[in-house]
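J.: Top line first, the protein sequences correspond to chains A and B. Under the numbering used here, the first residue of the first sequence carries the number 36, and numbering increases by one thereafter. Under the numbering used here, the first residue of the second sequence carries the number 11, and numbering increases by one thereafter.
Hints in this document: simulated from the structure, not taken from any laboratory. All C-beta atoms, glycine included, are put in the ideal place defined by N, C-alpha and C. Heads up, some of the hints might be wrong.
Just the calculated beta-carbon pair ranges, DEER-fashion [stated by the list, open to error]:
| no. | chain 1 | residue 1 | chain 2 | residue 2 | range |
| --- | --- | --- | --- | --- | --- |
| 1 | A | Glu-104 | B | Val-512 | 36 to 42 Å |
| 2 | A | Arg-163 | B | Leu-536 | 34 to 40 Å |
| 3 | B | Leu-536 | A | Gly-108 | 55 to 61 Å |
Derived, one-sided and incomplete: chain A residues facing chain B with beta-carbon distance under 8 Å [unchecked claim]:
| no. | residue |
| --- | --- |
| 4 | Ala-40 |
| 5 | Glu-104 |
| 6 | Ala-107 |
Sample of chain B residues facing chain A (criterion: CB under 10 Å; computed from the structure) [as the list claims (entries may be wrong)]:
| no. | residue |
| --- | --- |
| 7 | Asp-223 |
| 8 | Ile-452 |
| 9 | Trp-462 |
| 10 | Glu-467 |
| 11 | Glu-472 |
| 12 | His-523 |
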Amino acid sequence: MGEQAATVHVIDDDAALRAALDSLFRSTGLATRLFGSTTEFLAAPRAEGAGCLVVDIRLPGLSGLDFQEQLAGLGVSLPVVLMTGHGDIPMSVRGMKAGAVDFLTKPFRDQDMLDAVAAAIARDRDRRAAEGRLDALRARYATLSPRERQVMALVAAGKMNKQIAGDLSLSEITVKIHRGAAMRKMEARSLAELVRMSEALGA
Amino acid sequence: MDAVLLGRAKRIAAVWALGAIGLSGAAWACLALGLHFAAAAFVFLVAVICLALLDGLRSSLAFVAAAALCLLYFFIPPYRSFAAAAKEDMAALAAFVLASGLIVALVHRLRSLTDAHREQARMLAQAEAAYLAEAQRLSGAGSFGWNLDKNEFVWSDECARIFEAKQGPRPGIDFIAGRIHPDDAGAFQALVTKTRAERAPFEFETRLLLPGDKVKHVHVVARPLPDAPAQFVGALMDVTDRKAAADALRRSEYRYRNLFQAMAASFWELDFSGVGKIVGKVRAAGVKDLVAHFAAHPDLVREMMRETRVLDVNDETVSLFFGGDRGKVTGSVEPFWPEASNHVYAASVVAAITRKPSYAAECRLKTLDGREIDALFTACFAPETVAAGKLLIGVIDVTERVRAQAALERVRAEFAHAARVSMLGELTASIAHEVNQPLAAIAANAAAGQRWLDRPEPDLVEVRAVIDRIIADGARAGAIIARVRAMATQKPPEHGPLEINVAIGEALSFLRHELQTHGVEAVAELAPELPRVRADRTQIHQVVVNLVVNAMQAMAAAPAPRRIRVSSVRAGDGVEIAVEDSGPGISAAHKARLFESFFTTKPGGMGMGLPICRSIVEAHGGRIDVQDRPEGGARFRVTLPIAQRDAHT
Chain A
36 MGEQAATVHV IDDDAALRAA LDSLFRSTGL ATRLFGSTTE FLAAPRAEGA
86 GCLVVDIRLP GLSGLDFQEQ LAGLGVSLPV VLMTGHGDIP MSVRGMKAGA
136 VDFLTKPFRD QDMLDAVAAA IARDRDRRAA EGRLDALRAR YATLSPRERQ
186 VMALVAAGKM NKQIAGDLSL SEITVKIHRG AAMRKMEARS LAELVRMSEA
236 LGA
Chain B
11 MDAVLLGRAK RIAAVWALGA IGLSGAAWAC LALGLHFAAA AFVFLVAVIC
61 LALLDGLRSS LAFVAAAALC LLYFFIPPYR SFAAAAKEDM AALAAFVLAS
111 GLIVALVHRL RSLTDAHREQ ARMLAQAEAA YLAEAQRLSG AGSFGWNLDK
161 NEFVWSDECA RIFEAKQGPR PGIDFIAGRI HPDDAGAFQA LVTKTRAERA
211 PFEFETRLLL PGDKVKHVHV VARPLPDAPA QFVGALMDVT DRKAAADALR
261 RSEYRYRNLF QAMAASFWEL DFSGVGKIVG KVRAAGVKDL VAHFAAHPDL
311 VREMMRETRV LDVNDETVSL FFGGDRGKVT GSVEPFWPEA SNHVYAASVV
361 AAITRKPSYA AECRLKTLDG REIDALFTAC FAPETVAAGK LLIGVIDVTE
411 RVRAQAALER VRAEFAHAAR VSMLGELTAS IAHEVNQPLA AIAANAAAGQ
461 RWLDRPEPDL VEVRAVIDRI IADGARAGAI IARVRAMATQ KPPEHGPLEI
511 NVAIGEALSF LRHELQTHGV EAVAELAPEL PRVRADRTQI HQVVVNLVVN
561 AMQAMAAAPA PRRIRVSSVR AGDGVEIAVE DSGPGISAAH KARLFESFFT
611 TKPGGMGMGL PICRSIVEAH GGRIDVQDRP EGGARFRVTL PIAQRDAHT
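All chains should be modelled from the sequences, with the hints used to inform the complete structure.
T.: Structure, rendered in structure tokens:
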């Protein structure tokens, strides 16, 4: 994944504020996509690459908070920065609980907004990187034979070769061969690494 | 026909019998006396002439022939024979026949002439009687004769018709007395007694009471004939209609005199013939647009006022304008017109010239002691009075009404203001949000501008766009604050031409935040290119905000989607604004009281919102009402009149 410009998705029903945010984000080298409502956003094709959402909490139709709570269900995993005309505690709590990166009260300081957006984008990048690593792991795991997967699971559970051989009614030698193959296919450099991979895969 | 013939035959038979007797008698008498031919011929001639008086020419000639034969037989020798006699006797007989024939013919000629003359006279008399009867019927006047000595009373058919009597020409004085109205009977008897005693000409009016309780008024004149003082002739006329008309006229005159004098309005009778001369001169000079000409020449208007002379005024005018002193009622109307009311005077003159039936306007007038009053000025241009150069003016003092109206207007404005301020309080959050929005945009724009400038290569195109947006956002924030200030401050309403769609949009911007908080969506469906309405912007904001807040609150308990539809549409001479909600609607019991003050269905509600809306709308010359939506919910409808300048679009 290259360092392509991250995209900030702005959803606000006020065209003037959309334009201002557009200019602000572009001045710092971010790409922007502007939407007047959540419906507009959902109807648009998804952008490639890392990004985040800047959403006004009060929107016609689906409100910002409801929208945020529904995002996961809609298969959108962009981090969300919330804006509101005047902050109120219950809303902030609800927003943060639902996983908002930040909560800004209008009018906000530009640096606060940019920081929040940067943090959100960083979080998205991390998530994307983690997701990328897991995908690779899964691909490697898919190359394992069923016996190798069994051996790997028991190794990760902390069992000795002899115990594994007993459990699977195999010879200790065969277990060693399967364990070596699994280590090789999973590109694990140490036993500890294999255990972490197994945990990550949830196997 | 047979009867006539029979009568004629009988008559002829009688004449001939008489002729036979007469001639035989003559013959016998002459023979008895022993008269000779000449004397007998004379006797026969007399008899024939006498007979000729009785009947037609033919019978008479027959008698002549018979007489000649008698003479020949009895008196010409040879006697008792028709045999021819001496020549001289025959000549005498022929002379007798010729003479008696001529005389008989003459007698008949005379008789027929007399008959024709008599017939003519009879027809003439008949025609005259018919003409007289017809003339009497037409004029409603009958004639009568009254002989005091014989106490005989004779009247014409028309008299009988007036009395509705079936009696012939001699009704009898008692019948007449019976038809006199009981209330007038005494006077009638007195007149009869007096006339009998003095035999003087009389003239009187009395009422008749006819069958069916019908009352008639009759006018009677009579006088004695010059050569027969006991014989009165007279005329009797039915004057019921004339009397009714005269009474009506008198009552009407009395009523109008009463109206003129006693009404609590000031009336003036004016002589404006001098004004007509001035206008005539102006027109002769080629002026077409009198209104503009008068407006441009106030001196001319004042001159016309000076030429408008006061003829008469009523009591109210004296007390209102002349300080109660009727002695001061004189001169022109000029002192009563302040300069500021010149245009009203000029307009009334133009109305009179253009033959309008009347003119009315409200204006200020001055009293003699210098007080100014608000007056309703009306002028009536009845063609009869205008032709005589006269004019009737009515003035009603409406000072108190104007003052009360102004006071009411002030109270209403104060009330509306109080309601606006309280509404602003409720909408603080929404307004703050609305102001915040452009402020946030300005801050973000400014920050962006800085960053564009701080770049290694400053992007001036972006900076310019940023500044443009800052200016626009600043203006927007300013406009919102101006609107809030207009709501908060009290100023007299300005009824200027207003783009209603713009005003609706502004009102909704007050409420955007509020609507979102309540989860209500407001949909504006505004007809494009509407004519402008004559309205005060702030007050229209107030009405729309009020109606939308009401709709929002009505839907508080309704299930989503909660939607308010705000629409505008052209409706006849006005523009109709509707605010519709999908709430529970308004019960019939509430609907009737909805616009009453202090009526509310909301806990903590004041019940002033809709009454104030109504008072605002009505002060704009508009209407407000509420209907049920067929699909549920309420629909408030406000109609405002189109501004005069846009009325034609």
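J.: Please go over all the hints and tell whether each is borne out by the structure.
T.: Against the structure, the hints:
1. A:Glu-104 with B:Val-512: 36 to 42 Å: At roughly 38 Å between Cβ atoms, Val-512 of chain B and Glu-104 of chain A fall inside 36 to 42 Å, so the hint holds.
2. A:Arg-163 with B:Leu-536: 34 to 40 Å: Taking Cβ atoms as reference, Arg-163 of chain A and Leu-536 of chain B lie about 46 Å apart, which means the hint is violated.
3. B:Leu-536 with A:Gly-108: 55 to 61 Å: Between Leu-536 of chain B and Gly-108 of chain A, where Cβ atoms are some 37 Å apart, the hint is violated.
4. Ala-40: violated, 15 Å
5. Glu-104: For Glu-104 of chain A, the interface hint is violated, since the closest Cβ of chain B sits about 15 Å away, which is over 8 Å.
6. Ala-107: violated, 22 Å
7. Asp-223: violated, 87 Å
8. Ile-452: holds, 8 Å
9. Trp-462: Holds, because the Cβ-Cβ distance from Trp-462 of chain B to chain A comes to roughly 5 Å (cut-off 10 Å).
10. Glu-467: violated, 12 Å
11. Glu-472: Status holds, d = 6 Å.
12. His-523: With a closest approach of 6 Å, the His-523 of chain B hint holds.
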